[in-house]
Amino acid sequence: MNHEMELKLQAQLDGELSAAEAAEVDRLLQQDPAARALAAELKSTQAILLGNEIPRALPESPDFFWSKVQREIQRLEPAPARQRPPWLTWTFRLLAPAGLAALLAFMVWSPFSGGVQLAKMPAHAEIENPLDDASSITFRSETEGVTVFWVSTR
Amino acid sequence: MSKRIDYPSASDEVLVRNAQKGDMLAFEELVKRHRDKLYARAFSMVRNEDEAVDLSQEAWVKGWQRLKQFQGEASFLTWMTRIVINLCLDQLRKLKRLRSESIEQMDEETGGVERHMPVVNVNPTEGLERGELRERIDRALNQLSYAHRTVLILHEFEGLEYKEVAKRMECSIGTVMSRLFYARRKMAGLLAGLKQERNS
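Protein chains in written order, with this note's numbering: chain X, 1 to 154; chain F, 1001 to 1200.
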């Protein structure tokens, strides 16, 4: 019996042969006592291994093992994003100019603000912008008696 | 988490579903249930306690990260076992332990000494307690090379077909068949030898 036939004998035991190849092995088994003996050995070795793998317990305390797993999971977990959500960004962009305009109107006409008199402001005076996400430019024309306060969001 | 569950009595399926939603306690229960089996599989492949602990730990971390990919085609334990096997194979490849020595390689191709070894009669139950039998099998497995033991483990214990073993071990089906034949014949000889030792 050559090595190829030996491997076919084994493959038949493992159910890995086509019908034609299985028939060829069956013929060999009928004719050759050595083939039958080898098939019996392979079969009994397979049987002895099946279900007889030695069980093993983790050589660490369950809590310690879990704490290591948990720590590693947390270490690899992506950090939560610090950016503000997109809806908040858009809301801010839309409302910031309106908010600044309202603030300006309050400063000009409110009786509590002491009545910032824009007309009396010097040409170089700036209206302070309290918002981080918006920039502003103040322009005053003395001849026209007009002050322009330009707000843009970033 | 939609409702509270009793973790120790919940099925694996329920625990997996909860863990997939981010429930760490459900995942902890799964680890508690299957950690020994996963460690045992890792140990059987790498034959080193520290490496097996590290690899099984890594498998659990990977399991958590990939949990959403688990669709339940196989059991959770089978799925986790595949992860630990792949990690062990990577480790064995990295340490070049899966390479057969050149003489061994030649033996595999031609059938080697195992081919000419007389056929032995191995009776699995003859006069042996199950615990003793398992010890002997483990000792015999320990005498195989990494390459032969791995083929045997993947085929006999994990029930993988030749082509799946070949894919995982990155070799041909022919090599798997030769290695399996070599490993089985060597195991038969070793177990018969142990039996003779015991009888004499």
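Errors might be hidden in some of the hints.
Said to hold, decoys possible - Think about it this way: if two alpha-carbon atoms lie no more than 25 Å apart in a straight line, the pair counts; the simulated SDA-like pairs of lysine to any residue are:
id : chain 1 : residue 1 : chain 2 : residue 2
1  : X       : Lys43     : F       : Tyr1146
2  : X       : Lys43     : F       : Lys1096
3  : F       : Lys1096   : F       : Asp1012
To be verified - Just so you have them, the derived chain X footprint on chain F, three or more residues with Cβ under 8 Å:
id : segment
4  : 1004-1018
5  : 1023-1036
Worth flagging that the hints you see were computed from the coordinates, not collected in a lab.
Note that beta-carbon positions come from the ideal geometry of N, C-alpha and C, so glycine has one too.
Here is how each hint holds up against the structure:
Between X/Lys43 and F/Tyr1146 the CA atoms are separated by roughly 23 Å; this keeps the pair inside 25 Å, and the hint holds. Proposed proximity of X/Lys43 and F/Lys1096 is contradicted: the alpha carbons are some 31 Å apart, above 25 Å. Distance restraint check for F/Lys1096 and F/Asp1012: the Cα-Cα separation of roughly 36 Å exceeds the 25 Å cut-off, and the hinted pair is therefore not satisfied. Counting residues of the segment 1004-1018 of chain F whose CB lies closer than 8 Å to any CB of chain X gives 0, which falls below the minimum of 3, so the coverage claim is violated.
Check result for the segment 1023-1036 of chain F against chain X: holds, 6 residues qualifying (beta carbon to beta carbon below 8 Å, three or more required).
In summary, the numbered hints that this structure violates are 2, 3, 4.
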